[in-house]
Amino acid sequence: MPPPDSTTTPARCTFEREGDRLILRCGGSWSLHAEHPRFAEQTGALAGDVARLEIEGREIQRWDSSLLAFLHQLAHACREKEIELDPRGLPEGAQRLLALSLEVEERGGARRVATRSNPLAAIGGGVLGAQQATMRALAFLGDVVISLFRFATFRARFRRADLWTQLHATGAGALGIVALINVLVGLILAFVGSMQLRMFGAEIYVASLVGIAIVRVMGPIMTGIILAGRTGAAFAAQIGTMQVNEEVDALETMGLPPSEYLVLPRVLSLAIMTPLLCLYADLLGILGGLIVGVAMLGIGPRQYLTQTFESVGLDELWIGLLHGAVFGIWIALAGCYHGMRCGRSASAVGQAVTAAVVSGIIGIVVMTAILTVVFDTLGL
Amino acid sequence: MADHAKSTEASRPPDGEPHIRVRGLTMAYGSYVLQRDLEFEIRRGDIFVIMGGSGCGKSTLLKHMIGLNRPASGEILYAGQSYWTASPERQNELRRGFGILYQTGALFSSMTLAENVMVPLGELPGLSAAERRELASLKLSLVGLAGFEDYYPSEISGGMRKRAGLARALALDPEILFFDEPSAGLDPISAKLLDDLILELRASLGATIVIVTHELASIFAIGTSGVFLDADSKTMLGTGAPQDLLAHPPDPKVRRFLTRGIDS
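Taken in sequence, the protein lines are chains A and B. Quick note, in our numbering, the first sequence goes up one by one and the last residue is 381. Quick note, in our numbering, the second sequence goes up one by one and the last residue is 288.
Calculated from the structure, these hints are not laboratory results. Predicted model only: the values in this text are computed from it and were never measured. Some hints could be false.
[To be verified] Going by beta-carbon spacing under 10 Å, a handful of chain B positions derived as facing chain A: (1) Glu139; (2) Val143; (3) Leu145; (4) Ala154; (5) Leu164; (6) Leu166; (7) Leu194; (8) Ala195; (9) Asp197; (10) Asp211; (11) Leu229; (12) Phe244.
[Unchecked claim] Stretch-level coverage of chain B by chain A, calculated; a stretch enters the list once three of its residues show a Cβ under 8 Å from a Cβ in chain A: (13) 129-135; (14) 183-191.
Virtual Cβ for every residue (Gly too), placed ideally from N, Cα, C.
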């Protein structure tokens with residue numbers, strides 16, 4: 002913007018009344034970047050009996066949107082009070098823009114009216130919403146089960162390459178972080194456990210404690226939480242972005258059900274990869290315990306491992322792997338479900354990812370509780 | 025339209041200096057050269073059309089002009105000042121004088137139309153929220169969207185999204201308006217209305233307008249000058265008013281393009 006030259010004067014406007022005629026004299030240099038009259042401060046000028054408003058703008062030196070905004074509001078106020086507006090005294094460009102801004106009438110009913118919220122209606126809405134959400138989730142689950150059935154009978158339509166990509170991304174891609182977290186969890190368990198066991202001279206049972214805890218629950222839970230944050234979020238973001246770009250609609254109209262084409266490979270890959278990652282996590286958790294046992298408690302490595310293998314039964318391993326498989330399927334379903342019902346905006350994708358991760362982690366904890374009760378009842 | 029002197033003629037710089045000048049511009053992605061040796065001028069108040077077939081680098085040229093992509097060589101001058109050698113502050117200042125309408129509107133999807141228009145208005149100090157809102161309403165009514173302030177971009181049609189994008193581009197009273205395929209995806213009547221709106225805005229704002237398009241109807245209806253890019257020779261085939269290019273085509277390709285391949 003060129004600097005204002007010295008001859009410009011500040012923007013000004015004055016109303017003059019002649020009978021039922023009002024004359025608005027505008028002048029000076031109107032700029033958004035400088036002080037200028039605001040219509041909100043001048044509304045009183047139109048009060049009383051006015052039939053006609055003439056605008057006189059010969060002394061306007063420069064103008065921009067600040068003048069237009071003023072005139073736009075003025076014109077609306079005039080329309081409301083049925084005052085005839087004569088803008089012919091304005092610079093030509095301003096006249097044309099003012100006419101343009103008034104040209105298109107507001108479409109009837111377009112403007113949003115804020116509705117007052119009623120607490121009863123809110124409760125009712127919440128209940129109805131919960132019912133709808135349950136139905137949607139069940140419908141989604143039904144679609145996935147049908148897709149799995151079609152997959153089992155070799156009729157599912159999806160790209161095999163997608164399945165490989167997902168297997169690689171969800172499995173091999175997570176090796177590093179799963180290793181880091183589980184070694185540390187093993188270390189922590191061994192360290193905390195040894196403080197108590199040492200008092201009884203029973204340090205060797207650190208191996209049993211770490212082994213059972215990691216293999217039975219901690220390995221699957223930590224792996225599940227990592228996958229919920231890593232893979233569940235990725236699923237929701239991928240499918241959510243596809244919703245925004247109408248790619249999901251495109252699939253559907255090609256006769257490719259998204260539940261087969263998008264959801265199936267993802268659910269399968271996590272269902273396969275999570276138990277495998279759990280096995281890997283178990284080994285690294287035990288390694289973490291072993292490091293503490295050997296370095297701090299003076300247990301021989303061979304002795305530590307023998308103790309571990311004696312106390313961790315095969316049941317523990319199966320239970321752990323079952324946990325893993327259940328978590329994997331849950332995380333994939335949560336990620337895909339929230340991605341599929343994502344809205345069509347950037348912030349909707351963010352909400353979908355958040356919902357996927359939160360419901361993934363809550364599901365992991367709740368299902369661990371349920372499975373623990375079930376296995377306890379079964380006496381395992 | 026940052027400023028309108030009472031007499032627009034007086035505020036113009038001497039005729040010798042074009043508003044935008046592109047000198048020896050070469051555009052490349054890595055080692056892949058898209059276009060080389062582009063050389064043209066845009067006068068103040070021109071409606072300048074960047075023409076050419078698909079994939080010849082029209083949109084890339086626009087991105088170079090608005091400072092998103094750095095030229096491989098050559099320079100782009102605004103009122104005599106080279107954009108890429110200017111200080112970051114000066115570049116920012118130049119950019120504030122640009123209004124850009126992206127191909128699909130590029131509205132922020134999580135904001136209402138009014139909030140979208142208010143984003144650039146946040147750059148202006150000393151404006152209250154109510155005034156910003158009023159300015160946003162003004163811009164929206166200029167493009168025929170009065171009353172749609174509280175709608176989200178996902179709730180309106182593609183043509184309306186484009187007009188809302190235009191309202192946002194107009195927010196800061198730009199001196200130069202850039203349009204990327206303004207009529208793509210619009211029906212002929214909406215496209216014509218948008219063309220009329222562009223003409224009206226230029227007449228009343230005195231802004232310089234740069235348009236990327238391959239709509240022949242628009243090119244001839246509103247273009248006062250232009251440049252023709254070619255994908256095969258990787259350079260421009262000519263510059264000038266579309267009518268002149270048609271009357272005296274510098275290359276058979278230009279003629280084919282402007283006559284839609286129907287040689288009379």
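Here is what the structure says about each hint:
1. Glu139: At about 12 Å, which exceeds the 10 Å cut-off, the nearest Cβ of chain A leaves the hint on B/Glu139 violated.
2. Val143: Check failed: Cβ of B/Val143 comes no nearer than 14 Å to chain A, outside 10 Å.
3. Leu145: holds (8 Å)
4. Ala154: Holds, about 7 Å.
5. Leu164: holds (9 Å)
6. Leu166: Result: holds, 5 Å to nearest chain A Cβ.
7. Leu194: Holds, about 8 Å.
8. Ala195: holds (8 Å)
9. Asp197: holds (5 Å)
10. Asp211: violated (18 Å)
11. Leu229: holds (7 Å)
12. Phe244: Because about 23 Å separates B/Phe244 from the closest Cβ in chain A, which is outside the 10 Å limit, the hint is violated.
13. 129-135: With 3 residues closer than 8 Å to chain A, the segment 129-135 of chain B meets the three-residue bar; holds.
14. 183-191: Check failed, 0 qualifying residues.
In summary, the structure is inconsistent with hints 1, 2, 10, 12, 14 from the numbered list given earlier, while agreeing with the others.
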